[in-house]
Structure formats: structure tokens, C-alpha cells
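Turn these sequences into a full structure, and let the hints guide you.
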Amino acid sequence: MSASEHSIISALLVPLAICFTLGTDTLRTASTAPAPLVRSCAHIIPESPTVALGSRFTAYCILSETCISRYHQDAKGIFWKVKHTNVSEEQYATINTTVSSVTLNVTSLLDSFLTCNILAFGQTPYSLYGIFLTLGLPPDKPENLTCILFYDNISMCTWNPGKPTFLNTSFTLRSRWAMGGNYECKAATNNTCTIPKEKLQLYVNTEIWVEVENALGKVESDHLILDPITIVKFRPPNIHSLICVPELPNAIKIEWDNPVNFVDLKYIIRYRKNTMEWDEVPPEDTSSKKTSFTLQGLKPYTEYVVSLKCMRSDGQGFWSDWSTERSVVTTEAKPAKGPDLWREVLSESEGKRHLRLKWKELERVDANGAVLGYRIIVTRQITRSLEMYDTNNTNLDLMLTNDAYGINLTAYNSAGESPKSFLHISASNSRGLRPVKNVRAYPKDKQLWVEWTSPNASVKAYVIEWCIKSDKIPCTIQWQKEPSTSRGAFLRGDFEEMKRYTIGVYPLYSNGHGVVQSTEAYLQQGRPAKAPDIRTKKVEKYEVTLVWGPVPLDDQRGFITNYTIIYRSINRNESSVVVGPDVTEYSLSRLTGDTLYMVRMRASTEKGDTDGPELTFTTLKFAKGEIEAIVVPSCIGFLLITLLGIIFCFSNRNLIKKYIWPNIPDPSKSTIVKLSPHIPTRHNFNSKNQTYPEESFTDVSVVEITADDKKSFSEQDMKPLDLLKKEMSTSEGHSSGIGGSSGMSSPRQSVSDSEDSESAQTTSSTVQYSTVVLTGYRDQKPVLPAHSFSRSESTQPLLESEEKPDDQHVPGGSDYKLQSSQYFKQSCGQDERSVEGPQGEQSQGQMSLNKDALGHQRVLPEEELLECPTGNVSLAGGEVAGDSETIDSSSAACETKCYLPQIVRKGGYMPQ
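Quick note on our numbering: the sequence shown kicks off at 85 and runs consecutively.
Simulated from the structure, these hints should not be mistaken for lab results.
Honestly, I wouldn't trust all of these hints.
As the list claims (entries may be wrong) - Here are the computed lysine-lysine pairs in the DSSO-like style, where the Cα-Cα straight-line distance is at most 30 Å:
| # | residue 1 | residue 2 |
| --- | --- | --- |
| 1 | Lys-337 | Lys-436 |
| 2 | Lys-317 | Lys-383 |
| 3 | Lys-421 | Lys-444 |
| 4 | Lys-317 | Lys-444 |
| 5 | Lys-521 | Lys-383 |
| 6 | Lys-383 | Lys-225 |
| 7 | Lys-357 | Lys-393 |
| 8 | Lys-317 | Lys-283 |
| 9 | Lys-350 | Lys-374 |
| 10 | Lys-317 | Lys-337 |
| 11 | Lys-565 | Lys-504 |
| 12 | Lys-421 | Lys-544 |
| 13 | Lys-383 | Lys-436 |
| 14 | Lys-583 | Lys-436 |
| 15 | Lys-553 | Lys-530 |
| 16 | Lys-521 | Lys-544 |
| 17 | Lys-708 | Lys-625 |
| 18 | Lys-350 | Lys-281 |
| 19 | Lys-337 | Lys-383 |
| 20 | Lys-530 | Lys-504 |
| 21 | Lys-374 | Lys-357 |
| 22 | Lys-393 | Lys-337 |
| 23 | Lys-444 | Lys-528 |
| 24 | Lys-556 | Lys-691 |
| 25 | Lys-504 | Lys-444 |
| 26 | Lys-270 | Lys-283 |
| 27 | Lys-530 | Lys-583 |
| 28 | Lys-337 | Lys-281 |
| 29 | Lys-302 | Lys-283 |
| 30 | Lys-565 | Lys-528 |
| 31 | Lys-565 | Lys-357 |
| 32 | Lys-565 | Lys-530 |
| 33 | Lys-521 | Lys-553 |
| 34 | Lys-442 | Lys-614 |
Predicted, not measured: the structure shown is a model, and the values here were computed from it.
Structure, rendered in C-alpha cells:
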């Protein structure tokens, strides 16, 4: 805006501001109200304007002197706001000290208050005045003005009002004709208005247009000049009859009344048969004025619906509405085709076949009337014999032989009989004809579609069979027949989702049918109802074999695409293995021994997965062969050790016998027992029943020889012992100590008649054996003291064997005879024998226990002494027995104790 323009606007606005200020002051002075109105000291022009969207708008804020003096601000301090948002300073300007302007682009954002503001006292924002902008658009020019004169002489005009204006807009329809008549109609809506019939004159040109006006402008449409008769829309014709002629089952005669008689009309006739699709008679076939028309080429015994409309024959005006619909059924005719025929083999036995013939009811369009029944002719081709059947049903059971047959079927109604349907039944022993190929079935357009490849051109037709495949319900076969040109078809019937259907296709030839080719399909698949129950077949340390059965057909709900085996141990994540749908056994490997595992099976179809129950198992602690690898070597090692032990024992049996099984003498075989005439024989000896009385024993002699003493013996000293051994070997029986029982060897102090005799030793190094002398010998009274039994304190076990050496005489011609009493084996394994000579009469003196210089104990008569250390035997009276004989101790070198033979007087009692 130039400076000259600002000066002109200032010259115009200053007087207005003065007037506005004076007026407000006058009102303030004249007001006597107790609460005078607060009047602004500023003003915006224009006041509440209506502004067109997309245009530019300028507003002016005018300050009074009162504002300037009160707030100490002039127009330079004014700033503008829209919706509490400051307007950019680039969009407003200061004209003078009292006027400020702002220029805005009008958009939908301006649909709010516009205010001018100042900073009161230089710091507080204060709104001086505000206005509200009304936004809108100017009206568009109406387009496509059209008027229709209805049959009741009411005219209706319509037009296109254009885009919305967002403002109050009025529409006015105006008309006038040459005779000076005028009419205007205020439209209730923005696009329709009517003209009463008295305001229109037929055959008189009339001018019609529309005016539109709002706050932003005014506009009118193009003027339409026309004769009202050219815009007439007549009533529809009235159909009063539809006639079907029996001689013409394919025709219907339509009769109607025209709406007017002074105008030539043309018609459109439409008809349909139980569908929503209409067929129409072309307008050129009914261009002349008519009151009837005959439809031809229709189906017999079919219901048709008929309707028509009309308009001026010259094409001016509008088509009438469609007339009321009327329906009629054409007359009957012979069926157009024979029923579709098929067979089902129920059973076969020797020479007989049970067949069921099945056929479809004819559709209404093919039946051409009400079917009254069916005729079947069965021809046996070998004999050419015929059998005829008449039935109202759609099936017939036949018992046929194994020969070939021909079946003819016709349907009949009141007008006649249908063409024949033929089916060839092949002989039982005939080979199947060529089948179709590549049979597939899948859902399509919410139906099941079956397609195949034809075997050759000689096929006459195709038969499709199907039924639900289930574990619970039997297969009820449904079927349909398709022409020879078909390579696919939708199955006609009611199908259930998530049910498996078995579908077979037969090609039909003139001499029979081909071998069936089958497939399976679902109308809609779903998730499996359950997964297989899994179980273990074989569990090993690192591997387990799992088995499962197939999911029942009714629970599959689709084609199983795969199974997933999911397994885990307690402390590990899940692992999975995917196997095919035909697999029923799988081995999981690389497992951990002696571990608890959880496993479950998941069945999958293309629509989802389902998990089965969880199974737990524990792997073995040992793998196959590990136990054998441990046990077998262990057993072999044990056997080897045992064998080696046995071999060792056999090779060292004498040593083992010495320490483990020492020989224990048998008391019943003792020499003492054999010497006594009052003692029972060996075979009748019983230690319990044959106990000797206390007075049976007279004396006990104890001999003790230690290992050290034996070592002092020389070979010469031991020679008399060897002689005694030979003498004892001839005597019968074995000595076993006292009483003939091993129990007598328990430690106990020995008793001697002599008060000076020593007590027997009880330590393990002392071995004591007693020599028992019976109290009487052949009824002679004993000389020894009267105590009966003395027991030795020996811990040496009694030995088993006893040698009986031959009697040996003491060398040197002595009167005394040395006889072996007993000779026992010691703990080191050497045999020692005590020899006992024949006993003569003993002196009545007691026997005393005496020791030689080596410490060996000898038992001698009290009055006699045998000196053993020198190898000679000292006798009573100074006699020496065996001066030149010595006792050799080398034969008992490993023994710890030995026993010297006892010396008795010559002339004693000898065994008889």
C-alpha cells in the first residue's frame, strides 16, 4: 500500500474515530444506570464481515485518544491475534498514530476471533477489540437443469447445485411463457423444485431457469426453453392377461392397456424364469402402437415373469416406470432329455452280481412337465433277453449274472416320454477300460472343483463319485454326470468344512466305463483336533525310539503336512525334529544318559498346529554292552584269580594243611585202648557211653621238649627214636591223648602222684601229653596211687595219623625194653612218635618227673633214672640201656616240641 493510499484512508478514518469517541463519551455522560457499560477505547472495521475462503482480507484497528492517554500506547504498539496466536508483524502495518491494519489470507484457520491488542503500561497484554469472521464461498452456477412432466401434469425440475458454500444460500426456480405467465418456486432443497400443472401449458414453449444467492454473490443457471409435451413421462401400461396355448408350449401371449391414446408409443417387454436375470424384447420389435405381444422360444412347463414400459414413439420425453409384474407357467411338453443313469455294485458272488441302478431326477427345465414315472429296460447282451421295469423311485436293485448288460432308462409325463439314457454294464471278467489322468480336487469359490485329463476322444461322458471319508460314519456315495467335453466341474451338493472327501472320476465309453481314478480334498481345512499319542519303543543311554499312530481321520480336519517332535530335558531348552506325515517311528539320538526327558508330538496342517500330551522317560545309565564290558572281564579276572589260588593251594597243600587242617588223632585207634582188656573194641568206642571211671587211671607222665632242646640233640641222640618209630608202625591204632577226645586238650593243670613233681605249663610254648596207665592188668591190682584221672594242659591239637613202629630192644643187652607209646606231629609238620615198651611189673614207688641237663622232662620210676642227654638210658641198679645209641634231633629240626619215649621195666605186661 502506497503512502498516498494511507493518507486517504487516514483522512477518512479520523473523522469516524472522532465521531465514535464523541458518541461513546456522550453515552457515558448521559447514562444514569448504577452500573454503566464498559466501552472500548478502540474499534475494528469492518465489523463481523463475511469473507470468501481463499481471498485476502484487511482489517483496521482505530484507537481513540482515551486509549492513547490511558495506556500510553499509540497504533505502533498494536499487535494482532487469531485464536490467541500472534499474527506475524510482516502482515500488519501502522497507518498513523491511531490506525493499524492487518492483511490475512482467508483459510479455515480464520474461523475464530480476530483481536487487536496492546501491552498495557508496556508489559501486560491487553485486548482492545475483536471481531468474528464468517467464512464461506460464493454460489456456483447451477448445471444440468432438467424438468419432467409426469402423467398427473406435475412437473419436477432438478439441477446440479455445485459445491457447498458454507453460507445460507437460496435457490429459486423461475418460469415464464410467451403468453405472459410467470412462476417462481423457492426450493426446499438445493436441487429440486416442482411446478404445479396449472402453471404449465402443453404445446406452449416455456422458459425455465434457477437463481442462486448468498452473502458473497448471486448467480443463475442457463435458461431452458421447451414444450412441456416433450418432457412428459407417461404411466406404465397395465398388463391384464398372460395366455399359454397348449399347442404352443414354448409361447406366451401378453395383453395390456396403454396409458394414453393421443400419442404413439413404443414398448420394452422383459421376462425371466425363476431367476433375477431378465431377458428383453428389442424396442424395434414393438415400435408401433400395440396392446398385445406373443413371447416365443420359451421353455415348456416353466414359470415366467413378465413386465413392460412405454414412451413416445419419436423418442421425446421419458420412459415410463415398469408395469406391475405378472407370472405364468407354460404348458407341458415331453421331457427334453433322459435322466442321468449310474450303477453301484452292492455285492458279487459266484455267478451273480447285486447292482443298484441310480438316476437323477430331471430338472424342471428338462422335465417339461410333471414326471409321472420311469421305465427301465435291461438287456442281456449274450442272449438278447429283455426285462422291463416301471417305477416312481430313482433307484432299482437288480440281480444280474456275470455277463454284459445294456440298460435303457426313460422318464415320462402327460405329454410323452423322454429320450433314452443308456448305460453299459461290463462283464465281470472284462478288463477295465482306460482311466482319466491327473485327477485333482481343491476348493474354489467356496465349492469343490474337480478337474482331470481326458484319456481320448471316444469318451461319451464322465461320472464323478464322492463321499465323506470317516472313521465313524459309512461312506454314502453321491454322484453326478458331466458331458464328454468337460475337463472339470463343480461338485453339486452340500459339503461340510473340515471333512475329508474321497472323489473318483469314471470315463464312460460306448462299451463300458474306465477304471476309477480317485483323489481326496477338503472344502475348508482347519487345525487338527488332536495330535498323536506318543510312546517309547526302546530306551537306551543315548537314544530313544518313539512310535505313534496316525491321527483319526475325523480329528485331522485337514491334510497333515508334517509332525514335529518336541523334546527337552529338565535343565535344557526345547529341541524339535520335523518328520513327514507318513512316519510313525523315529529315533532321537545324542541324548544324555540317566536323564529325565519330556517329549510331545505336534501335528500340523496348512491352517495351524496342535500339540499332543507330554510323555516323560528316563534314559538308561549304561549303554548296551557296557555292563557286559564290566561284568565279563570282572568274572574272567575272578575266575583267573580263583584258578591261580587253587593251583597255589595244590602246590602248597602240605603247608596249608599244617596251618588250616592239622591232623587230629582218632582216640578210638589209640594204642592204649588196644592194650586194655577191659576197654571196648575200636568199633564200639564211644566217648559218651564208655566213660572211664575215676579209678581207671593210675598215673600221668608229662614230657616237655622245647624247640631249643631239640636243636641240642645230635644225630646219635635221635637214632633210638627212629627205631621206636619203626616199632610203632606195626602196632594197631592211634594215640589220641587222654580220653580219646580232642576236647581233652584244653589247658588244665596235670596231676602227678609225686608231691615233688612240677606243675604242667599252660603257655602256648608248652606242649603236654599224658601217658595213661590202666589201674589193673589182668586182674592185678595197681601199685600206683588211687586218684583216677589226670589231664594234661597241652594246647597241641590231636593228630590224625599215628605210626606204630616195631618193638625195639635197647642196645647193650639190657633187661629193659623200650617201647613207643605215642609219637605226634608238631605244628611245623614233622611227625613225632612216642614209643611205649611192654610193661612189666612196676615197683610200688611213685613215678617222678625229672629234667635232664638240657631241660627235657623225663618220666622215670622214682628209684630209677634214665639219662637222655648222653644218648644212654640209665636204669635202676646202674644199668645203662643203649650206650651206643643216640637220639638224632635233625629229623625234627623245624619242630618246636618233641616227645621222648617213656621207659618201663623189663618184664612188664606186654600186649597178648
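Tell me, which hint numbers fail for this structure? 1, 2, 4, 5, 6, 13, 14, 20, 28, 34
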